[in-house]
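Undergrad: Using this note's numbering, you'd call the opening residue of the sequence shown number 3 and step up by one each time.
Rather than coming from a laboratory, the hints here were simulated on the basis of the structure.
Watch out, some of these pointers could steer you wrong.
Dumping the calculated DSBU-like pairs for lysine-lysine here, alpha-carbon to alpha-carbon at most 35 Å [to be verified]: (1) LYS96 <-> LYS154; (2) LYS22 <-> LYS170; (3) LYS170 <-> LYS159; (4) LYS110 <-> LYS170; (5) LYS22 <-> LYS96; (6) LYS201 <-> LYS102; (7) LYS170 <-> LYS102; (8) LYS110 <-> LYS159; (9) LYS110 <-> LYS96; (10) LYS96 <-> LYS201; (11) LYS102 <-> LYS183; (12) LYS201 <-> LYS154; (13) LYS110 <-> LYS154; (14) LYS170 <-> LYS96.
Now the in silico label distances, taken between C-beta atoms and shown as ranges [what the hints assert, rightly or not]: (15) GLU208 <-> TYR75: 11 to 21 Å; (16) GLN105 <-> GLU136: 36 to 46 Å; (17) ASN200 <-> LYS110: 28 to 38 Å; (18) GLN205 <-> LYS159: 22 to 32 Å; (19) LEU64 <-> PRO186: 18 to 28 Å; (20) LEU64 <-> GLY119: 32 to 42 Å; (21) ASN164 <-> PRO118: 38 to 48 Å; (22) GLY25 <-> GLN45: 31 to 41 Å; (23) GLU136 <-> PRO186: 17 to 27 Å; (24) ASN164 <-> GLU136: 17 to 27 Å; (25) GLU52 <-> ASN200: 17 to 27 Å; (26) GLY25 <-> GLY46: 40 to 50 Å; (27) GLN115 <-> SER144: 29 to 39 Å; (28) ARG60 <-> TYR195: 33 to 43 Å.
Source: prediction; values computed, not measured.
Idealized CB from N, CA, C, for every residue including glycine.
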Amino acid sequence: MTIDGPSGAGKGTVSRAVAKRLGWHYLDSGSIYRSLAIAVLEQGVFPEDEQAVADLARSMRLEFNCGDTLTVYLNGVDITRQLAAESTGNTASKIAALPKVRQVLLQKQRDFQRQPGLVADGRDMGSVVFPDAEYKVYLTASAGERAERRYKQLIEKGIHANLEQIRKEIDERDRRDQERKTAPLVMPSDAYYLDSSNKPVEQVIEEVLNLIH
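Please work from the sequences and hints to get the whole structure.
TA: Given below as structure tokens:
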């Protein structure tokens, strides 16, 4: 199953819950790009240097521990807290537009597919990474609500945040993701459209599960 959609739509929360209820594996493709973004920032690589970023993508070693929450290790170091930073998200959006980088990470993502099943969330899971997925969902919400959710997430984690700045960055990220030439954010023609605005998360989870049941 693939669950695609813009930043802040609730893909991660819904996907993890669905995977846990079904007993399936889970892939957070955004964490792969965000992990690479952290490596880029830490090593001082320019996000626009396509070859350098692609080389870094090949060499990085990632480990995912998906319990009640997702824990991500980059080259043996827990980077989970850094994944939520806005600087990480903005850099991830930039490097995600680089064709060579996407090609390197494509196989890393496909390697997650195994029995009994996989729930993969991202922006091009159903359109590019797993085009033959049996179930596809396009999960979205209004830009205002997505900004509010993101703001609350950061505050709860003790990270300083500015709501207006988050709203502006979400708008910019949406535009960048939709307009990039390689694997842009689109709704697959065979996907189920689900707007999570003003809906409790449990209701959204049940709607997704009903597609399978």
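Undergrad: What hint numbers does the structure not satisfy?
TA: Failing hints, ascending: 6, 15, 16, 20, 24 and 25.
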